[in-house]
Amino acid sequence: MTFIAKPKVAHPSLPKNALGFTRRDYEGSLSTLCAGCGHDSITAAIVEASWGLDLQPQNMVKLSGIGCSSKTTAYFVSGGHGFNSVHGRMPSIAMGANAANRDLTYIGVSGDGDTLSIGLGQFCHAIRRNLNMLYIIENNGVYGLTKGQFSASADVGTKAKKGETNQQPPIDPVLLAMTLGASFVARSFSGDKEQLVPLIQAGLRHRGFALIDVLSPCVTFNDHEGSTKSYAYTREHYEPAVHADFVPLQREITASYKQGESIPVVMHDGSRIVLRKLDASYDPTDRVNAAAHIQARLKEGEYLTGLLHIEASQNEFHEVNATPDAPLNSLPFEALSPGSKGLEKILARYR
Amino acid sequence: MEPTDTSHPDYYHRVVDCQWACPAHTDVPEYIRLIAQGRFTDAYMVNRHSNVFPGILGRVCDRPCEPACRRGRIEQKPVAICRLKRVAADHRDDVTERLPRIPARKNGKRIACIGAGCASLTVANDLMPLGYEVTIFEQFGEPGGLMRTNIPSFRLPHTVLNEEIAMITDMGVDLKLNTPVKSMRGLLTTGGFDAVFVGSGAPKGKELKLPGRAEASANVHIGISWLESVAFGHVDKIGRRVLIIGVGNTAMDCCRTSLRLGAASVKVMARKPRAFFKASAWELDDAEEESVQIVINRSPKAFVLENGRLSGMLFEVMEYEMDASGRITGERVAGEEFLPADDVILAIGQENAFPWVERDLGIEFDKWDVPVVDKGTFQSTRPGVFFGGDAAFGPKNIIWAVEHGHQAAISIHRHCQGEPVTERLPPGVNLQSRKMGMHEWSYSNDYTPVERRLMPHVSLKERFKNLNIEVELGFTAEQVEQEVQRCLNCDMQTVFTAKLCIECDACIDICPVDCLTITHNGDEPDLRQRLKAPARNLAQPLYVSAGLPQTGRVMVKDEDLCVHCGLCAERCPTAAWDMQKSTLLWPHAADEPPLKTQQAKTA
Numbered sequence: 000m001t002f003i004a005k006p007k008v009a010h011p012s013l014p015k016n017a018l019g020f021t022r023r024d025y026e027g028s029l030s031t032l033c034a035g036c037g038h039d040s041i042t043a044a045i046v047e048a049s050w051g052l053d054l055q056p057q058n059m060v061k062l063s064g065i066g067c068s069s070k071t072t073a074y075f076v077s078g079g080h081g082f083n084s085v086h087g088r089m090p091s092i093a094m095g096a097n098a099a100n101r102d103l104t105y106i107g108v109s110g111d112g113d114t115l116s117i118g119l120g121q122f123c124h125a126i127r128r129n130l131n132m133l134y135i136i137e138n139n140g141v142y143g144l145t146k147g148q149f150s151a152s153a154d155v156g157t158k159a160k161k162g163e164t165n166q167q168p169p170i171d172p173v174l175l176a177m178t179l180g181a182s183f184v185a186r187s188f189s190g191d192k193e194q195l196v197p198l199i200q201a202g203l204r205h206r207g208f209a210l211i212d213v214l215s216p217c218v219t220f221n222d223h224e225g226s227t228k229s230y231a232y233t234r235e236h237y238e239p240a241v242h243a244d245f246v247p248l249q250r251e252i253t254a255s256y257k258q259g260e261s262i263p264v265v266m267h268d269g270s271r272i273v274l275r276k277l278d279a280s281y282d283p284t285d286r287v288n289a290a291a292h293i294q295a296r297l298k299e300g301e302y303l304t305g306l307l308h309i310e311a312s313q314n315e316f317h318e319v320n321a322t323p324d325a326p327l328n329s330l331p332f333e334a335l336s337p338g339s340k341g342l343e344k345i346l347a348r349y350r
Numbered sequence: 000m001e002p003t004d005t006s007h008p009d010y011y012h013r014v015v016d017c018q019w020a021c022p023a024h025t026d027v028p029e030y031i032r033l034i035a036q037g038r039f040t041d042a043y044m045v046n047r048h049s050n051v052f053p054g055i056l057g058r059v060c061d062r063p064c065e066p067a068c069r070r071g072r073i074e075q076k077p078v079a080i081c082r083l084k085r086v087a088a089d090h091r092d093d094v095t096e097r098l099p100r101i102p103a104r105k106n107g108k109r110i111a112c113i114g115a116g117c118a119s120l121t122v123a124n125d126l127m128p129l130g131y132e133v134t135i136f137e138q139f140g141e142p143g144g145l146m147r148t149n150i151p152s153f154r155l156p157h158t159v160l161n162e163e164i165a166m167i168t169d170m171g172v173d174l175k176l177n178t179p180v181k182s183m184r185g186l187l188t189t190g191g192f193d194a195v196f197v198g199s200g201a202p203k204g205k206e207l208k209l210p211g212r213a214e215a216s217a218n219v220h221i222g223i224s225w226l227e228s229v230a231f232g233h234v235d236k237i238g239r240r241v242l243i244i245g246v247g248n249t250a251m252d253c254c255r256t257s258l259r260l261g262a263a264s265v266k267v268m269a270r271k272p273r274a275f276f277k278a279s280a281w282e283l284d285d286a287e288e289e290s291v292q293i294v295i296n297r298s299p300k301a302f303v304l305e306n307g308r309l310s311g312m313l314f315e316v317m318e319y320e321m322d323a324s325g326r327i328t329g330e331r332v333a334g335e336e337f338l339p340a341d342d343v344i345l346a347i348g349q350e351n352a353f354p355w356v357e358r359d360l361g362i363e364f365d366k367w368d369v370p371v372v373d374k375g376t377f378q379s380t381r382p383g384v385f386f387g388g389d390a391a392f393g394p395k396n397i398i399w400a401v402e403h404g405h406q407a408a409i410s411i412h413r414h415c416q417g418e419p420v421t422e423r424l425p426p427g428v429n430l431q432s433r434k435m436g437m438h439e440w441s442y443s444n445d446y447t448p449v450e451r452r453l454m455p456h457v458s459l460k461e462r463f464k465n466l467n468i469e470v471e472l473g474f475t476a477e478q479v480e481q482e483v484q485r486c487l488n489c490d491m492q493t494v495f496t497a498k499l500c501i502e503c504d505a506c507i508d509i510c511p512v513d514c515l516t517i518t519h520n521g522d523e524p525d526l527r528q529r530l531k532a533p534a535r536n537l538a539q540p541l542y543v544s545a546g547l548p549q550t551g552r553v554m555v556k557d558e559d560l561c562v563h564c565g566l567c568a569e570r571c572p573t574a575a576w577d578m579q580k581s582t583l584l585w586p587h588a589a590d591e592p593p594l595k596t597q598q599a600k601t602a
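Residue numbers (numbering that gives the first Met the number 0), protein chains in the order written: chain A, 0 to 350; chain B, 0 to 602.
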């Protein structure tokens, strides 16, 4: 953290987006995380991505649970809605909010503890329902807020700051999400914004559940030698497999892509992601192939990163459940309330 | 790019834009912080060390620091550096005890200074503490040179001028008033001086040779001579309608002085459009506030007489063609205009003149009849004879003259020591960490978004009653409190240690003005385009680190818009960034080793 808030002064040539906002307009309050925390970089990436997508801050919903990661929703888009929920229960809140208002943009920020320990069940069911939200895991392998115990994502053999070695196998959120049928699965690194920002943009535009597992070193409890989630170790062992270039609706694809190495994916709103395969044998649209690759590389201690799996055509929660097209708050009272006679009819169906 | 060599004294000096732009390299951020702490006397002494005349310069300096000020690039208006200097001078205590001690035993070397202006006084200021005997020859009855004769007292009160001159003359300078030097040969052959410094200024106003000039001479005045006559009380009135020819700072002083001597209508006549005016913007503002009319595109053609007396002037109305960049590409005369006038003042420039320097003394003059002076040592082609101030390179301003004086004093000292004047001490920079705790710095690092304070003036009703009423009132305590916070502390340098960096991006995310980037190295034009915010100001250098340990990329900092808030260093988990105060060591004569042979002066 810092002792003073980031001053409002900005570079005079700071560009504005279609809404007339600069990147600075998407910032939040002063971060109280440790200086050098990976989470702050992810916050900066969310700021950049939201600005780039011309999102209306008041149409954004920020949800989180408990933990260092879950504090970060206060640090971006102070003009958005926020809900800091019970530990591990963020998906329930997201579910409820999304059911009531499908028109808002939902960003959930969670950690490896909040998601893979106490909140694992909630996480799995949010994926099953294909809830339309971006779910970011700020994954550092330790419980930072309680002084650095191993979390459920700690690798076998990784050393804690005091020297003990982890023996329990980790839960990999990416593989878990893929077995649960997730439609958008990505992995990235807080120290690589060139990869992370377009991933967040694609995830926000994806209709359905978009998971980004972001390796985010804990600079205080997990950045030492022997740690497998330090800045240095992550840099040595992360392997970009599929780079996703996000192309907004109104823009032409200008970059030149080699045939066979790039896959354009059209998103639901017409915007596109161009997947650039850095590993020719990898196919992000084939769940079985992708999962096998990720697993094989993990065994060798390498993290494949990028947009690892995408299926743009899956139905999301509202489509599956045939809910009304508009947010509940826009429906007339008569449509929302069946009245006492209507209620009796409904109840009669269950008698 | 190669890693930036920050050990070169120029690197961090340049980051302090105001200090870099100041000819005397005044430590501006340091004295502004001292003012913020209410330490006015300390602030005054920091100033005096570099610029010798803080009270004078705090009112009338040409302030090259302000156009350079970084704050001006962030939000248009620079810090009011000059007027803060005046705050230090106005509120200081007695500084007698803090002035340099003058040795009772002299070193036996005698120096002559010609003209008691700012350049000569600076030479005396620097050499008296070293034991020199300095004699200043002054043609007028009072010292001060152009500071006294050309700057009206409503801008620079005599009390301020007298006090700061006295600080130097009271060091024991042999001040010979009413003693114009008539012959350099005489001074050199019979004066018995070890060195001569010529600081006689640029006292000759330029003439405008047009029809009617000679006939109208009773009512046509040369600007600087006229101001001089006003300063010494020889002139105390002027006609009702006055035309000023020329639009430099002297013209501004002439028009405003005219208003105080009885003129009712004053017009300043400019040949070209406003963008080409030589006067400083603030001097134009001050004149226009007093209802002086500035007329553009009028080229003087003739003085018009009626019954043998000046009745006005004839002007050609000019039209200019300009290109996209604002340069004049063509001009034509569109007509003529007559403007009635009782008096005309010519303020079209001034030059130095040396009718009293014989041309066979080994002091070489160039084809414009200007002495050949070395730009670093200020020595003429005759060893032991030095020039400084306007006398050296033509009219500049006080702060340049002061720096000339400092440099000439070093040369004189080395000359008297028998050392080559060209071998001088190099400048240096000291860096000291300002870290106090986890995220604490020993300077106020938060950015204060207040706008520049406006200088309060004496009301237009009051100010014309007397020539000596100082128009500017000085900042109020509340204004000072706010204005000092506008300084960005550019001397609190962001110092980077590449080998400590873990590339966590914390500094890049927190920088409010996007001046940091970690990227792959490249050549400068390429790098300047690839930064988080493109670095378009080519006058501001890029800092490029050595390769970073984890990826081999480089940390690049565009110094242009850094607000020195220290957040990069506060956010840095490994202290790879640190905030360090840079102190420029700019050598003066006192820093030179003492004379080898200290010989006592025998009576």
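Hints were generated in silico from the structure; no laboratory data involved. One or more of the hints may lead you astray.
[Claimed, not checked] Covered by chain A, according to a simulated footprint, are these stretches of chain B (three or more residues, beta-carbon under 8 Å):
#1 498-504
#2 510-517
#3 567-576
Heads up, the beta-carbon is just placed ideally off N, CA and C, and yes, glycines get one too.
Hints, one by one, checked against the model:
no. : hint    : verdict
1   : 498-504 : holds (count 4)
2   : 510-517 : holds (count 4)
3   : 567-576 : holds (count 5)
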